[in-house]
Amino acid sequence: MPDSAFDPTPDEEWAALMRRLRAQPPARPRPFFYARLTARLTAPVPARPMPLPAWLRRPAYAVLLGAVVLTLSGDGRVLPPLVLPAALGGSSVPPR
Amino acid sequence: MACSLPLLLTDDLQVDAPSGICSADAALVAALQRGSEAAFRALVEQYQDRIYGTVFSLLQNAEEAEDVAQEVFVEVYQTIARFRGEATLGTWLYRLATSRALKSLRKARAQKRFAFLTSLLSQPDNPRPDNIRPEPPDHAHPLALLEAQQQLQLLRVQVARLPEQQQVAFLLRHEQDLSYEQIAAVLGTSLSAVESLLFRARQTLRKRLQPHFRHA
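Same order as they appear, the protein sequences are chains A and B.
Numbering-wise (the numbering used here), the first sequence opens with residue 1011 and increments by one.
Numbering-wise (the numbering used here), the second sequence opens with residue 27 and increments by one.
Bear in mind the hints are in silico, worked out from the structure with no lab data behind them.
Hints are supplied without guarantee of correctness; some may be wrong.
Using 25 Å as the maximum straight-line C-alpha spacing, the simulated SDA-like pairs for lysine to any residue come out as follows [claimed, not checked]: (1) K129(B) <-> A1037(A); (2) K133(B) <-> R1058(A); (3) K133(B) <-> P1056(A); (4) K129(B) <-> P1020(A); (5) K233(B) <-> P1020(A).
Now the stretches of chain B that chain A is said to cover, found in silico as 3 or more residues with beta-carbon under 8 Å [stated by the list, open to error]: (6) 64-71; (7) 74-83; (8) 94-100; (9) 175-185; (10) 195-203; (11) 230-236.
This one's a predicted model, so the numbers in the text were calculated from it and none came from an experiment.
We put the CB at the ideal spot given by N, CA and C, even for glycine.
Bound-form chain A, shown alone:
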């Protein structure tokens, strides 16, 4: 004899599942939670990281970085001097 008459409906199955969820034993922290918490609160605070990356704090790298910056930020001495055309009132002879 088929037992379809005894099969729960989807609503009943859902309700039963929700009941089982509520009936689950609640999750609890391990014993001595407060002791572990106070240990964490009283533990020394780790030093805050420096604002600069470690490699930048090494003098050799800092000097190298400075040299690169100086090289790249040339003030025009390495470029040929600007020569204005005569029509604009400039000199055709480059200034010394």
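Starting from the structure of chain A, add chain B where the hints point.
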């Protein structure tokens, strides 16, 4: 949120209640703001199970839940001076717990994505890092899923796939037994928004679990 702190801090109870919170909460907050260790201990003992339970429901990992629950109480300890009583203490704690747990979940997902990317570049037999939680199985045999525990496990898997707000609302309602008003206070939203969140969460879960029910 209803006051649920039967405190016995007799030296700390003569305090005027700020508006919005009950006198027991106010007394506890005042004692905490004065730096009372007894008050902090009372707070932790009153709320540790609920906070841990809420965090565990979201993370499904005991170690991470312990870590996040501790973070919640550390934050309370460090910021209680700025607590003005706009929400009840319980609401504030639940809010801290859910937001920190969700942050931890997002971090774990990001780590998982990063681990996936790096695994594409590494040898296939490399072991999985310990701090990455494996994805729970969601394709168990249908007959095995008829067992109650397995159905519950499947439910938890599907709850974890809900949008964050729906997930929190569902767990606070069905595992923590919070009222709609309490959930609205924790999520900082309206009562109708909570009803909508719970309706959509249940609808999605039922739809996803339907194939695994006995009648299907």
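Status of each hint after checking the structure:
{"no.": "1", "hint": "K129(B) <-> A1037(A)", "verdict": "20 Å, holds"}
{"no.": "2", "hint": "K133(B) <-> R1058(A)", "verdict": "21 Å, holds"}
{"no.": "3", "hint": "K133(B) <-> P1056(A)", "verdict": "22 Å, holds"}
{"no.": "4", "hint": "K129(B) <-> P1020(A)", "verdict": "35 Å, violated"}
{"no.": "5", "hint": "K233(B) <-> P1020(A)", "verdict": "10 Å, holds"}
{"no.": "6", "hint": "64-71", "verdict": "holds (count 3)"}
{"no.": "7", "hint": "74-83", "verdict": "holds (count 6)"}
{"no.": "8", "hint": "94-100", "verdict": "holds (count 4)"}
{"no.": "9", "hint": "175-185", "verdict": "holds (count 3)"}
{"no.": "10", "hint": "195-203", "verdict": "holds (count 3)"}
{"no.": "11", "hint": "230-236", "verdict": "holds (count 3)"}
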